[in-house]
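Chain C is fixed; fit chain P onto it per the hints.
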Amino acid sequence: MPATVTLERVTKSYDGVVAVDALSFSIPSGQMFGLLGPNGAGKTSTIRMLVGITIPDSGSIALFGNPLGSAGLARIGYLPEERGLYRRMRVGEQLVFLGALRGLSARETLARCRKWGERLEIAAWFERKVDELSKGMQQKVQFIATLINEPEFLIMDEPFTGLDPIATNELKDILADLKREGRTILFSTHNMAQVERLCDSICLMNRGRALLAGDLREIRSRAGKRSIVIESEGGAEFLKECSLVASFHNFGTYVEIGLKDGNDPQELLRLALDHGRVTRFELSEPSLEQIFIELVRMRQ
Amino acid sequence: MKLFRLRAIFTIARREFLDRIRSRSFIVSTLSLPLIMIAVIVISGLSVSRQVKEARSEKRRSLRVAIIGGDSRLPRMIQQSLNQFSIGEFAIEPGPPPSSDTQAQVEDEIRAGILDAALLLDKDVMTTGHAEYLARDQNVRGWHFLVGVSLAGALARLRLEDRGVAPGDAMKIVAPVSIQQKVLVPDRSAEALDAFGVAFVMAMVLMFSLLTYGTMVMRAVLDEKSTRIPEVLLCIVTSDELMAGKIAGIGCVGLVQIAIWAALFGALTEMAVAGSPVVRQLVSGVNLGAGMLLAFTIFYVLGYLFYSAMFAALGAAFNSLDEAQQWILVLLLPLLISTWMVVAVAQAPHSALAFTMSMIPLTSPVLMTTRIAAANIPLWEIALSIAILGVTVAVLISICAKIYRVGILMYGKPPNLREVRRWLRYT
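Heads up: the protein sequence lines correspond to chains C and P, in order. Note that numbering that gives the first Met the number 0 gives residue 252 to position 253 of the first sequence, counting from 1, and the numbers run on in steps of one. Note that numbering that gives the first Met the number 0 gives residue 174 to position 175 of the second sequence, counting from 1, and the numbers run on in steps of one.
Isolated chain C, as found in the complex (with noise of 0.2 Å):
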């Protein structure tokens, strides 16, 4: 499959402190692809530098097979983290305008805002000023303003940040047909559960490197069976200090335990059995953030 986008040995900094630091992944044409990792990890300052905000300082980035320019730009949508939009404009005015940026006839671009104004329920607003607007009609007008150019790679920064359930729910099944339709897209986030249910590969960044790059079902196969999630009565908690345990992570009503090679799981299951009764033994793939939080550890 061609990629979409390649990025060798890419190299950032900021007054000596680096950004980005010889980071190298791929995302194959029509995949939705989580680029993940803690604030600071390097995730934006990647970004800019995918969509031409700011140049590496070394390294390479193709997009659609050629060096980056103002020809495979203009075919990127991008949402950034931070939204913004134009308080005193009309929803539609501004919307023309960011099409008229892309090249864009008026007309053209209100036919195109409609279809996607009605189906998040925010046609309705096109005459309104956008500071009448609550904060999530403005992140679906923002949403809308990225898809003005029919972009056939689609970047978003954190896009559900803000959106009640529902709205989320109609994001993520926007974003599914997009993917259907061939388009790639990129999310960069930090909530590493929403990746897992969306994307089909992942590069873990912290601190301006990639921890891991690849396809996400062959990174958690990789990773084994070796995540015990456990629901207790008594509580799970004592079990953080138990000599079986490599990692331990507490979600509230339940935790996850990472195993230490070579123990049974069912050792962990007695005991927990003599602290109370279980009501949840689950033997599974470790979470992203559990393999996240496990690479860290053992690269420090």
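What the hints contain is simulated information worked out from the structure, not anything from laboratory work. Glycine included, C-beta positions come from ideal geometry on N, C-alpha and C. Any given hint might turn out to be false.
What the hints assert, rightly or not - Below, a list of computed lysine to any residue pairs in the SDA-like style, where the Cα atoms sit at most 20 Å apart:
id, chain 1, residue 1, chain 2, residue 2
1, C, Lys128, C, Met88
2, C, Lys128, P, Arg21
3, P, Lys401, C, Asp56
4, C, Lys128, P, Lys401
5, P, Lys401, C, Gly51
6, C, Lys128, C, Arg89
7, C, Lys128, P, Phe16
8, C, Lys128, P, Asp222
9, C, Lys259, C, Ala245
10, P, Lys401, C, Ile54
11, C, Lys128, P, Arg227
12, P, Lys401, P, Pro414
13, C, Lys128, P, Lys122
14, C, Lys239, C, Leu270
15, C, Lys128, P, Arg13
16, P, Lys122, P, Arg110
17, C, Lys239, C, Arg279
Claimed, not checked - Per label pair, the in silico range of CB-to-CB distance:
id, chain 1, residue 1, chain 2, residue 2, range
18, C, Arg206, P, Ile20, 44 to 52 Å
19, C, Ser23, P, Ile20, 43 to 51 Å
20, P, Ser350, C, Ser57, 32 to 40 Å
21, P, Val390, C, Glu149, 39 to 47 Å
22, P, Arg4, C, Ser57, 21 to 29 Å
23, P, Arg4, C, Ser23, 27 to 35 Å
24, C, Glu149, P, Asp222, 29 to 37 Å
25, C, Arg74, P, Glu322, 35 to 43 Å
26, C, Phe237, P, Glu322, 48 to 56 Å
27, C, Met297, P, Ser22, 42 to 50 Å
28, P, Phe207, C, Ser23, 55 to 63 Å
Just chain P now, with coordinates in the frame of chain C:
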């Protein structure tokens, strides 16, 4: 530059332009300024009209001057002479005969308002020509020159008569002369005052425009930065295009506003001139030629680019008006210095100081415009000033664009000078 890029700059400029043109503050400021100026002209015109009318009114009492001492023929002669000037009514009356307390008595009468002035003639006035002039106030004191001229004429007549010249002949000998005036070099005499007025107004309009629209660019950048829209725009256009579009759009707002002001001012002045001859006289000196307007436009555009580029960089570097405050003052300083020097440059447009200041790009937009309005400036000086300013603007824009490019995406702690210098090296 590719066509698409020019179209992007035009699209950004158009949005900036329409956003401001449609705003209530633009409509209010555009309409209010000429109305205020016309109101000031009409009110001052009406006030002058009233004073002229009062001066011509018969009810206005004439200037009463007592002549103390000297020949009894002198009061009549002085009155005849004064009335020949046709500048007011003089009631010359002989005062009491000179005595030791005459001066005190006359001074009391002047203070009481019975007299306006008194001319105390020396007892040997025919030989010495000496006299003392007592005036009620500064206004009356202003007549002393004409009173003196009249006294000199009257004394000359009497001296001639005393030497046997017939009174009629003596009067002919000292008859007043009539001089017709003609100005050959317009900017050095009467028209200099009009030119000074025009220069001053042009300089003020230019300074006000650079200040208003320069800071408007900065506020627009700050506003845009606070909405976080640059990140959306910068994946479609370059930061240079964004800055250029913003500056061009707001610059056009300025040109449109000045054009509307000029048109409104012209129309309202025409109406006021038609209704009042005094207003006609007040505005008669205002004569803007095509050359002046062209120079004004060139210096407005270059001066605007000069200051707006710096203000755009300033807006991009900071997050709020408060943070940028101290630097705004630094950028405004050259404009304030220009304003401070306008009077000196308009009064001596060919001086070395005026020449130097009109070549320095920081002050040349305002002060070269002032010089052009005040006098005939050699074309090479104007061309040199434009060339220096143009080159400086090109260099400055490239520096400011680099600061803008980095600053527009920077949030958090405001940068210091060293950081801004580092930004210039970023790609």
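Here is what the structure says about each hint:
1. With a C-alpha separation of about 5 Å, the suggested pair C:Lys128 and C:Met88 falls inside the 20 Å cut-off, and the hint holds.
2. Proximity of C:Lys128 to P:Arg21 is assessed by CA-CA distance (about 14 Å); at most 20 Å being required, the pair is judged to hold.
3. Of the pairs offered as hints, the one joining P:Lys401 and C:Asp56 holds, with about 17 Å between alpha carbons and a cut-off of 20 Å not exceeded.
4. About 33 Å separates the Cα atoms of C:Lys128 and P:Lys401, which puts this hinted pair outside 20 Å; it is violated.
5. Between the alpha carbons of P:Lys401 and C:Gly51 the distance comes to roughly 16 Å, so the proposed pair stays at or under 20 Å and holds.
6. For a cut-off of 20 Å, the pair hint linking C:Lys128 to C:Arg89 stands: about 4 Å separates their Cα positions.
7. Distance restraint check for C:Lys128 and P:Phe16: the Cα-Cα separation of roughly 18 Å lies within the 20 Å cut-off, and the hinted pair is therefore satisfied.
8. Taking the CA atoms of C:Lys128 and P:Asp222, the gap is near 16 Å; set against the 20 Å cutoff, the hint holds.
9. As the CA atoms of C:Lys259 and C:Ala245 are separated by approximately 5 Å, the hinted pair is consistent with the 20 Å bound.
10. At roughly 14 Å between alpha-carbon atoms, P:Lys401 and C:Ile54 fall within 20 Å of each other, so this suggested pair holds.
11. Between the alpha carbons of C:Lys128 and P:Arg227 the distance comes to roughly 17 Å, so the proposed pair stays at or under 20 Å and holds.
12. For the proposed pair P:Lys401 and P:Pro414, the alpha carbon gap of about 14 Å is at most 20 Å, so the pair holds.
13. A C-alpha spacing of about 91 Å is found between C:Lys128 and P:Lys122, which places the hinted pair above 20 Å, so the restraint is violated.
14. The suggested pairing of C:Lys239 with C:Leu270 holds, with an alpha-carbon distance near 12 Å, which does not exceed 20 Å.
15. The hinted pair formed by C:Lys128 and P:Arg13 meets the criterion: a straight-line CA distance of about 18 Å does not exceed 20 Å.
16. Of the supplied pair hints, the one linking P:Lys122 and P:Arg110 is violated, its CA atoms being roughly 25 Å apart against a limit of 20 Å.
17. The straight-line distance between the Cα atoms of C:Lys239 and C:Arg279 is roughly 17 Å, inside the 20 Å bound, and the hint therefore holds.
18. In this structure, C:Arg206 and P:Ile20 meet the distance hint of 44 to 52 Å, their C-beta atoms being roughly 49 Å apart.
19. The beta-carbon spacing between C:Ser23 and P:Ile20, approximately 50 Å, falls within the hinted interval of 43 to 51 Å.
20. Checking the proposed 32 to 40 Å range against P:Ser350 and C:Ser57 shows it is violated: the Cβ atoms sit about 57 Å from each other.
21. Distance hint check: the CB atoms of P:Val390 and C:Glu149 are about 45 Å apart, consistent with the given range 39 to 47 Å.
22. As the Cβ distance of P:Arg4 to C:Ser57 is approximately 27 Å, the hint placing it in 21 to 29 Å holds.
23. Our hint of 27 to 35 Å for P:Arg4 and C:Ser23 holds, since their Cβ atoms are close to 32 Å apart.
24. Taking the beta carbon of each, C:Glu149 and P:Asp222 are about 30 Å apart, inside 29 to 37 Å as hinted.
25. Distance hint for C:Arg74 and P:Glu322: a CB-CB separation of about 38 Å, consistent with the stated range 35 to 43 Å.
26. Between C:Phe237 and P:Glu322 the Cβ separation comes to about 52 Å, which falls inside the hinted range of 48 to 56 Å.
27. A hinted range of 42 to 50 Å is violated for the C-beta pair C:Met297 and P:Ser22, which are about 58 Å apart.
28. For the pair P:Phe207 and C:Ser23, the supplied restraint of 55 to 63 Å holds, since their beta-carbon distance comes to about 56 Å.
This entry does not satisfy hints 4, 13, 16, 20, 27, going by the numbered hints stated previously.
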